[in-house]
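The numbers in our numbering rise by one with no breaks, and the one at position 25 of the sequence shown is 25.
I should point out that these hints are in silico values taken from the structure, not numbers from a laboratory. Keep in mind it's a predicted model, so treat the numbers as computed, not measured. Just to be clear, a hint being listed does not mean it is correct.
[As the list claims (entries may be wrong)] Below, simulated SDA-like cross-link-like pairs (lysine to any residue); rule was C-alpha separation at most 20 Å, straight line: (1) Lys-64 - Ala-139; (2) Lys-293 - Arg-315; (3) Lys-64 - Arg-19; (4) Lys-169 - Val-195; (5) Lys-169 - Asp-111; (6) Lys-64 - Tyr-114; (7) Lys-157 - Ala-139; (8) Lys-169 - Asp-194; (9) Lys-64 - Gly-50; (10) Lys-157 - Phe-116; (11) Lys-293 - Ser-276; (12) Lys-190 - Arg-227; (13) Lys-158 - Asp-244; (14) Lys-293 - Ile-261; (15) Lys-190 - Arg-208; (16) Lys-158 - Ala-139; (17) Lys-190 - Thr-177; (18) Lys-64 - Arg-74; (19) Lys-157 - Gln-233; (20) Lys-157 - Ser-276; (21) Lys-190 - Asp-111; (22) Lys-157 - Asp-111; (23) Lys-158 - Val-195; (24) Lys-158 - Arg-315; (25) Lys-157 - Glu-168; (26) Lys-190 - Asp-201; (27) Lys-64 - Asn-126.
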Amino acid sequence: MIFDFHSDIWTDVTRRRMRGEQDVLRREHLDRLRQGGVEGSVFVIWAEPGNPAEDTAQIMAQVKEELAQCDAVRAVHTCEEMRQAVRDGAVYIWLGVEGMAAIGDQVERIDEYYDFGVRTAMLTWNEENALATGARGNADRGLTEAGRRAVRRIQEKKMLMDVSHLNEKSFWDVVDTATAPICASHSNAKALCDVPRNLTDDQLRAIRDLGGVVGLNSCRAFIAPEREGQSVQQLARHAAHMIDVMGIDHVGCGFDFCEFIDEPGSPLLSQGVYTSGFENASRIPNLFEEFTKMGMSGREQEKIARGNFQALLERTVG
């Protein structure tokens, strides 16, 4: 079974509900998740950079209503709640936030996310904000002083600090500030695909040394620079490289499937985002078939599938 540590499904749920649709998770997403063997996921709250405060409030309201409608999924806040959801046959959902532009530099408002149920937190998406600098921001700008305080507050609240989307300077500022394990929920290896969203071997080792985990990302632009190389086989090679650098205990799944995001002009979507052989959650078994071909044992595959991220949550969120 699979624990996918990064999904933008709330974006689709919110947009559909704003058009008057109901019970979106059950109608549009559950079948694919089950076909792919997904037992649980981190669903993130992501607000477009233009109006983050209003958008975040709107998304939270829609999330609350959607969860009340769909008893086949269950929001969880502790590892024991996660285990109970599995026993009950429900898909467990951890809530994450993909960027905190909505709070400006008001670090104390991180508590509002926590009280809503958020347990994984990114300071920024790709943009610059009052806390940090994203992958598309100024390379010389890192965390602000408020950003450093935010890292400390996130970890004091026993939330998991997620460094995906940070630029490299912000990444190293987080590493210097962190006192608990961190993760990169959906990032690949820069050694195999040199784009700003991927991680250098030194960054991978830093996450390992803090006891963290990196989730494999399905987005084709982060797998290979040329279209012919953007395949599930190449994603498996990213996993192999990460294992070589960090060890088997530090690689997981953070697939970031976006096939359901079809809004014209959406910054999440460009033409042809799909990776060959790995187009959506129902195709997850294809990756594990590649792992088997590579000689990876069942125990090793289980760690990547769910064990490593579950163990990380035990060490951080509890």
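Hint check results:
Among the hinted pairs, Lys-64 with Ala-139 is inconsistent with the structure: their alpha-carbon atoms are about 37 Å apart, more than 20 Å. About 32 Å separates the Cα atoms of Lys-293 and Arg-315, which puts this hinted pair outside 20 Å; it is violated. A hinted pair counts as satisfied when its Cα atoms are at most 20 Å apart, and Lys-64 with Arg-19 qualifies at roughly 17 Å. Our distance criterion of 20 Å between C-alpha atoms is met by Lys-169 and Val-195, whose separation comes to about 15 Å.
Restraint check for Lys-169 and Asp-111: the C-alpha separation of about 26 Å exceeds 20 Å, so the hint is violated. Distance check on the hinted pair: Lys-64 and Tyr-114 sit about 14 Å apart at the alpha-carbon level, within 20 Å; holds. The straight-line distance between the Cα atoms of Lys-157 and Ala-139 is roughly 29 Å, outside the 20 Å bound, and the hint therefore fails. A distance of roughly 16 Å separates the Cα atoms of Lys-169 and Asp-194; the hinted pair therefore holds under the 20 Å criterion.
Pair hint Lys-64 plus Gly-50 does not hold up; C-alpha atoms about 23 Å apart against a cutoff of 20 Å. About 13 Å separates the Cα atoms of Lys-157 and Phe-116, which keeps this hinted pair within 20 Å; it holds. A C-alpha spacing of about 17 Å is found between Lys-293 and Ser-276, which places the hinted pair at or below 20 Å, so the restraint holds. Distance check on the hinted pair: Lys-190 and Arg-227 sit about 17 Å apart at the alpha-carbon level, within 20 Å; holds.
Our distance criterion of 20 Å between C-alpha atoms is broken by Lys-158 and Asp-244, whose separation comes to about 30 Å. With a C-alpha separation of about 32 Å, the suggested pairing of Lys-293 with Ile-261 is violated against the 20 Å cut-off. Annotation: proposed proximity of Lys-190 to Arg-208 holds, straight-line Cα distance about 16 Å (limit 20 Å). Restraint check for Lys-158 and Ala-139: the C-alpha separation of about 29 Å exceeds 20 Å, so the hint is violated.
Only pairs whose Cα atoms come within 20 Å are accepted, and Lys-190 paired with Thr-177 is rejected, the gap being roughly 23 Å. Between the alpha carbons of Lys-64 and Arg-74 the distance comes to roughly 11 Å, so the proposed pair stays at or under 20 Å and holds. For the suggested pair Lys-157 and Gln-233, the alpha carbons sit about 39 Å apart, so the restraint of at most 20 Å is broken. Pair hint Lys-157 plus Ser-276 does not hold up; C-alpha atoms about 40 Å apart against a cutoff of 20 Å.
At roughly 34 Å between alpha-carbon atoms, Lys-190 and Asp-111 are farther apart than 20 Å, so this suggested pair is violated. Of the supplied pair hints, the one linking Lys-157 and Asp-111 holds, its CA atoms being roughly 8 Å apart against a limit of 20 Å. Taking the CA atoms of Lys-158 and Val-195, the gap is about 31 Å. The hint is violated against a cut of 20 Å. Straight-line distance between C-alpha atoms of Lys-158 and Arg-315 comes to about 9 Å, which keeps the hinted pair within the 20 Å bound.
For the given pair, Lys-157 sits about 25 Å from Glu-168 by alpha-carbon distance, which is inconsistent with the 20 Å threshold. As the CA atoms of Lys-190 and Asp-201 are separated by approximately 7 Å, the hinted pair is consistent with the 20 Å bound. A distance of roughly 26 Å separates the Cα atoms of Lys-64 and Asn-126; the hinted pair therefore is violated under the 20 Å criterion.
The structure fails hints 1, 2, 5, 7, 9, 13, 14, 16, 17, 19, 20, 21, 23, 25, 27 (numbered hints given earlier, in ascending order).
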